[in-house]
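In our numbering, the protein residues as written are 1 to 292.
It is worth saying that the hints were derived from the structure and are not from the lab.
In this text, a Cβ means the ideal position worked out from N, Cα and C, and glycines have one as well.
There's no promise every hint is true.
What the hints assert, rightly or not - BS3-like, lysine-lysine: derived pairs with alpha carbons at most 30 Å apart:
{"id": "1", "residue 1": "Lys146", "residue 2": "Lys128"}
{"id": "2", "residue 1": "Lys187", "residue 2": "Lys278"}
{"id": "3", "residue 1": "Lys45", "residue 2": "Lys131"}
{"id": "4", "residue 1": "Lys131", "residue 2": "Lys19"}
{"id": "5", "residue 1": "Lys124", "residue 2": "Lys25"}
{"id": "6", "residue 1": "Lys25", "residue 2": "Lys128"}
{"id": "7", "residue 1": "Lys128", "residue 2": "Lys187"}
{"id": "8", "residue 1": "Lys245", "residue 2": "Lys227"}
{"id": "9", "residue 1": "Lys30", "residue 2": "Lys10"}
{"id": "10", "residue 1": "Lys96", "residue 2": "Lys124"}
{"id": "11", "residue 1": "Lys61", "residue 2": "Lys185"}
{"id": "12", "residue 1": "Lys124", "residue 2": "Lys10"}
{"id": "13", "residue 1": "Lys187", "residue 2": "Lys264"}
{"id": "14", "residue 1": "Lys245", "residue 2": "Lys283"}
{"id": "15", "residue 1": "Lys187", "residue 2": "Lys146"}
Claimed, not checked - Restraint-style ranges between C-beta atoms, simulated for each label pair:
{"id": "16", "residue 1": "Asn95", "residue 2": "Leu27", "range": "15 to 23 Å"}
{"id": "17", "residue 1": "Asn139", "residue 2": "Ala242", "range": "20 to 28 Å"}
{"id": "18", "residue 1": "Met1", "residue 2": "Ala78", "range": "33 to 41 Å"}
{"id": "19", "residue 1": "Lys128", "residue 2": "Glu150", "range": "47 to 55 Å"}
{"id": "20", "residue 1": "Tyr8", "residue 2": "Thr165", "range": "30 to 38 Å"}
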Amino acid sequence: MLRSMTGYGKAAAELEHVKITVEIKTLNSKQLDLNARLPYIYNEKEPLIRSRLSRWLQRGKVSINIHRELTGEQTEHAIDHSVALGYYNELVQLNKQMKHQAAAPDYLQLAMRLPEVIKIKQQKLEEKEWKALEKTMENAVEQLEKYRREEGTVLEEDFRQRINTMVDLLGEVRQHEPRRMETVKEKFNRELARFIEDKTLDENRYEQEVVYYLEKLDLTEEMVRLKQHCFYFLETLMADGAVGKKLNFIVQEMGREVNTIGSKANHQQIQTLVVEMKDELEKIKEQLANIL
1 MLRSMTGYGK AAAELEHVKI TVEIKTLNSK QLDLNARLPY IYNEKEPLIR
51 SRLSRWLQRG KVSINIHREL TGEQTEHAID HSVALGYYNE LVQLNKQMKH
101 QAAAPDYLQL AMRLPEVIKI KQQKLEEKEW KALEKTMENA VEQLEKYRRE
151 EGTVLEEDFR QRINTMVDLL GEVRQHEPRR METVKEKFNR ELARFIEDKT
201 LDENRYEQEV VYYLEKLDLT EEMVRLKQHC FYFLETLMAD GAVGKKLNFI
251 VQEMGREVNT IGSKANHQQI QTLVVEMKDE LEKIKEQLAN IL
């Protein structure tokens with residue numbers, strides 16, 4: 001089943017004193033581009049978090065935001081009383097030394113805003129919380145993968161319709177092919193009649209030229225290969241895992257065959273059909289940029 005590279009997943013977990021929320025957003029990208037925003041207490045686990053996400057999500061521009069909120073009476077911050085008191089006393093003395101003293105300033109409020117007064121407590125990540133974070137990340141990824149599969153289903157239906165259109169257009173090319181070859185033969189016959197009339201015919205050279213151009217102008221191989229590529233594309237849609245890059249390679253091969261048909265056709269109706277096939281391929285390429 002196809003999966004889009006665009007997705008969103010969110011999950012949360014609550015422990016005795018901590019609430020964990022994980023949000024994951026993904027966009028299309030040729031490689032894995034991972035941006036993680038973590039609370040300081042999870043920094044030691046960042047390499048492991050990145051490794052897990054890389055294995056789960058494989059490719060795309062990934063943003064993960066992990067929010068940690070303390071519940072109950074716990075707090076992550078502490079006031080350094082000695083530093084705050086030192087600032088307070090210095091501010092009082094400074095005000096006394098000034099010729100024009102401030103009118104009853106709030107020294108405590110000023111002191112609380114100065115550096116090193118409020119510090120973050122050094123907490124250790126407990127194994128119970130880490131296990132909860134792992135599970136929450138998995139749940140967020142499950143939500144994201146559900147989103148990706150739903151969008152991938154829509155894209156898969158679009159691909160099938162466009163490939164079927166390609167096969168139909170190729171069938172129309174086949175209908176024009178016999179008449180096109182007849183036109184080519186008529187042209188050679190006219191040239192042959194002119195050479196005979198002018199008595200400038202080199203029969204051996206003429207036969208070589210006829211064989212060369214008929215082989216060069218024949219579209220049979222290109223049409224057979226293009227049809228095979230179309231069927232292979234549809235078959236690959238049903239494969240498991242990430243198939244976006246493989247589908248891109250198949251479309252590149254399809255484009256080569258379509259271009260060759262266009263360059264060899266020398267036929268107005270076939271050229272029109274080739275333009276329509278190129279249009280379908282371009283639309284497929286645009287959508288494939290978002291396939292995992």
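Quiz item: Among the hints numbered above, which are violated by the structure, and what are their numbers in rising order?
Solution: 7, 10, 11, 15, 16, 18 and 19
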